[in-house]
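J.: These are the residues of each chain, in order.
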Amino acid sequence: MIPDRGLTNTVLYLDGVSKTFDGFRAINNLALTLEHGEMRAIIGPNGAGKTTMMDIITGKTKPDEGDVYFDGTTDLTTLDEASIANLGIGRKFQKPTVFESHTVADNIRLALKDERGPWSALFGARNRIAPERIEHILEIVRLIDHHERLAADLSHGQKQWLEIGMLLAQDPKLLLVDEPVAGMTDAETADTARLLREIARDHSVVVVEHDMAFVRDLDCKVTVLHEGSVLAEGTIDAVSSNERVIEVYLGR
Amino acid sequence: MSGAGTNSMGRRPLLLSLIDGKGWIFLAVVAAAAVLVPLLNLAVPEGSAFHVPTYVVALLGKYLCYALLALALDLVWGYCGILSLGHGAFFALGGYAMGMYLMRQIGPRGVYANPLLPDFMVFLNWKELPWYWHGFDSFPFAALMVLLVPGLLALVFGWLAFRSRVTGVYLSIMTQAMTFALLLAFFRNDMGFGGNNGLTDFKDILGFNVQAQTTRCALFVATAIALVLGYLVARYMVTSTYGKVLVAIRDAESRTRFLGYRVETYKVVAFVVSAMMAGVAGALYVPQVGIINPSEFSPANSIEAVIWVAVGGRGTLVGAALGAVLVNFGKTYLTGALPEIWLFALGLLFVVVTLFLPKGIVGLLTQKRQQRQEISPRDESLAAEAGIGEAGAVEGGKA
Numbered sequence: 001m002i003p004d005r006g007l008t009n010t011v012l013y014l015d016g017v018s019k020t021f022d023g024f025r026a027i028n029n030l031a032l033t034l035e036h037g038e039m040r041a042i043i044g045p046n047g048a049g050k051t052t053m054m055d056i057i058t059g060k061t062k063p064d065e066g067d068v069y070f071d072g073t074t075d076l077t078t079l080d081e082a083s084i085a086n087l088g089i090g091r092k093f094q095k096p097t098v099f100e101s102h103t104v105a106d107n108i109r110l111a112l113k114d115e116r117g118p119w120s121a122l123f124g125a126r127n128r129i130a131p132e133r134i135e136h137i138l139e140i141v142r143l144i145d146h147h148e149r150l151a152a153d154l155s156h157g158q159k160q161w162l163e164i165g166m167l168l169a170q171d172p173k174l175l176l177v178d179e180p181v182a183g184m185t186d187a188e189t190a191d192t193a194r195l196l197r198e199i200a201r202d203h204s205v206v207v208v209e210h211d212m213a214f215v216r217d218l219d220c221k222v223t224v225l226h227e228g229s230v231l232a233e234g235t236i237d238a239v240s241s242n243e244r245v246i247e248v249y250l251g252r
Numbered sequence: 001m002s003g004a005g006t007n008s009m010g011r012r013p014l015l016l017s018l019i020d021g022k023g024w025i026f027l028a029v030v031a032a033a034a035v036l037v038p039l040l041n042l043a044v045p046e047g048s049a050f051h052v053p054t055y056v057v058a059l060l061g062k063y064l065c066y067a068l069l070a071l072a073l074d075l076v077w078g079y080c081g082i083l084s085l086g087h088g089a090f091f092a093l094g095g096y097a098m099g100m101y102l103m104r105q106i107g108p109r110g111v112y113a114n115p116l117l118p119d120f121m122v123f124l125n126w127k128e129l130p131w132y133w134h135g136f137d138s139f140p141f142a143a144l145m146v147l148l149v150p151g152l153l154a155l156v157f158g159w160l161a162f163r164s165r166v167t168g169v170y171l172s173i174m175t176q177a178m179t180f181a182l183l184l185a186f187f188r189n190d191m192g193f194g195g196n197n198g199l200t201d202f203k204d205i206l207g208f209n210v211q212a213q214t215t216r217c218a219l220f221v222a223t224a225i226a227l228v229l230g231y232l233v234a235r236y237m238v239t240s241t242y243g244k245v246l247v248a249i250r251d252a253e254s255r256t257r258f259l260g261y262r263v264e265t266y267k268v269v270a271f272v273v274s275a276m277m278a279g280v281a282g283a284l285y286v287p288q289v290g291i292i293n294p295s296e297f298s299p300a301n302s303i304e305a306v307i308w309v310a311v312g313g314r315g316t317l318v319g320a321a322l323g324a325v326l327v328n329f330g331k332t333y334l335t336g337a338l339p340e341i342w343l344f345a346l347g348l349l350f351v352v353v354t355l356f357l358p359k360g361i362v363g364l365l366t367q368k369r370q371q372r373q374e375i376s377p378r379d380e381s382l383a384a385e386a387g388i389g390e391a392g393a394v395e396g397g398k399a
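First to last, the sequence lines map onto chains A and B.
In case it helps, my numbering puts the first sequence at residues 1 to 252.
In case it helps, my numbering puts the second sequence at residues 1 to 399.
Check each hint, because a few of them may be wrong.
[To be verified] Just the calculated beta-carbon pair ranges, DEER-fashion:
#: 1; chain 1: B; residue 1: Tyr333; chain 2: A; residue 2: Phe21; range: 48 to 58 angstroms
#: 2; chain 1: A; residue 1: Ser241; chain 2: B; residue 2: Leu160; range: 52 to 62 angstroms
#: 3; chain 1: A; residue 1: Lys62; chain 2: B; residue 2: Ala181; range: 43 to 53 angstroms
#: 4; chain 1: B; residue 1: Ser254; chain 2: A; residue 2: Ile246; range: 46 to 56 angstroms
[Claimed, not checked] Derived list of chain A stretches under chain B, where covered just means 3 residues or more per stretch with a C-beta under 8 angstroms from a C-beta of chain B:
#: 5; segment: 87–99
#: 6; segment: 105–112
#: 7; segment: 121–133
In short, the hints are calculated from the structure, not lab data.
Computed from a predicted model, the values in this text were never measured in an experiment.
Virtual Cβ for every residue (Gly too), placed ideally from N, Cα, C.
Take these sequences, add in the hints, and give me the full structure.
T.: Laid out in structure tokens, this is it:
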């Protein structure tokens, strides 16, 4: 099924998506659209389906039913992780996942947008990546002074930033960022919000987060997920005064 | 601070950027052995204390074959996390390809003096040569098969396993099953590979008597050259960006996928190259030991190879080769002196290495050197400059 013409200006389009794991409905008739250049925060209690939704968008999990379109025309449900990543969808994991036995610079080097095949990595362009490209990214995420350190030796917050840097290096159209400030200090959290707002100027971004102060800082539209579908959508003020949201998520 | 890419490849001449300190030591030792061993065998008279007997030349040649097998295994296990418990299969297939060539060289000099068929086929009352034996009278053809047969098996096996994302213990068990299946198949007489007895009674290789002292020395040198070439190929692979992707796959496979890398292709390439290296090792092994039979496929052989790599240090290449030579030296000594304790000693060695030397001998030496470097003043100032200060800064951690 091809979505109607009006939706071709969306960067991400999910409709009627469901996914069941052993009888547990992780995603239930979920509909969500994201416009080009938009930043969206997704909140919701544990088990609301946030990570499963990310898994479906990035090809890790196939939905039982429903449409998932990227850029209005590309059906993501038929593609694998590598193809989807190469289309321009980058993902940051909930637990910071960097290549621990590589240096910070090499982490960025591997993420940089370029040919991805083994041939290129053995003999070709992949071996001739200009150091300036790596430095540029490391400056944005403020890890330039750490470029020769092993990623394993970074602090938790620095790893989160390195992973965001790897995401930027991929130069994706859409960034999916899962809990970027988990385990960060208040100052780091504020810095991360600033960084994401900067990134959102020329990328579409989806941020999953629990930290309400951080979500407020992001200053964008908020979608509340509950039991695998959308409970509410709107500004942070609108959703945080929504009765049902208060009931299931924010708590009384 | 200098640029982020100062340690990237392509700035220095290829060979220099390829080989690190321990690599040079390794190359020097292998080169010295390649010169000295034949020299001390051929030029020094037998009575002299410096004379190396011919049987020792063949024994050392065997160790070098094992070193090449270990190197091949380290490429996939140490760098890509593929714990193959079936690499002996690729080694044996390369060995059989060479064995078939050597069988064809016997010609009419066999016990049955049949000019067309090897002895075991005459014995089984076969009338003509099976189709897959054709071509093996030519050395270039056999040499090609030494690479192609293990490579093709690795390609098919790897493609099926890695595409289905079989990893970890499951993959190890499958590789083990693969070599066991081949063991059973090669035991069968009707497979046409000599069954239980395998292939033996070799006479000539490239026109030279395989038993002759000079041929033994030439085979030893050829093995040393193959080991050096294998090291250079593996080293080129692991120092290129390809190698960095392999390590990335080893440490965080799904992260690598989400970066857009086709993990299965990377794994298949490494697996095939590794299988070919193992095949070459097997091919050089057979003329030096004079026999190839199905026991080379036995799962225990493959597991032993894993122990060599673990002892020497996985993910170091040089360590794998060192481990193979040391453990086999120990095996030769112990099976001679106290044959009943060898297997216990091997098991104990594996346990000790796993518990106390997770990075093997080479890993331990590297660690010791780094600890010394860390307290040197130059590194202290560097660490302070980068605002690190604590001992976590391992400069050039995985050199």
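J.: Need the list of violated hint numbers for this structure, in ascending order.
T.: The structure breaks hints 3 and 4; every other hint is satisfied.
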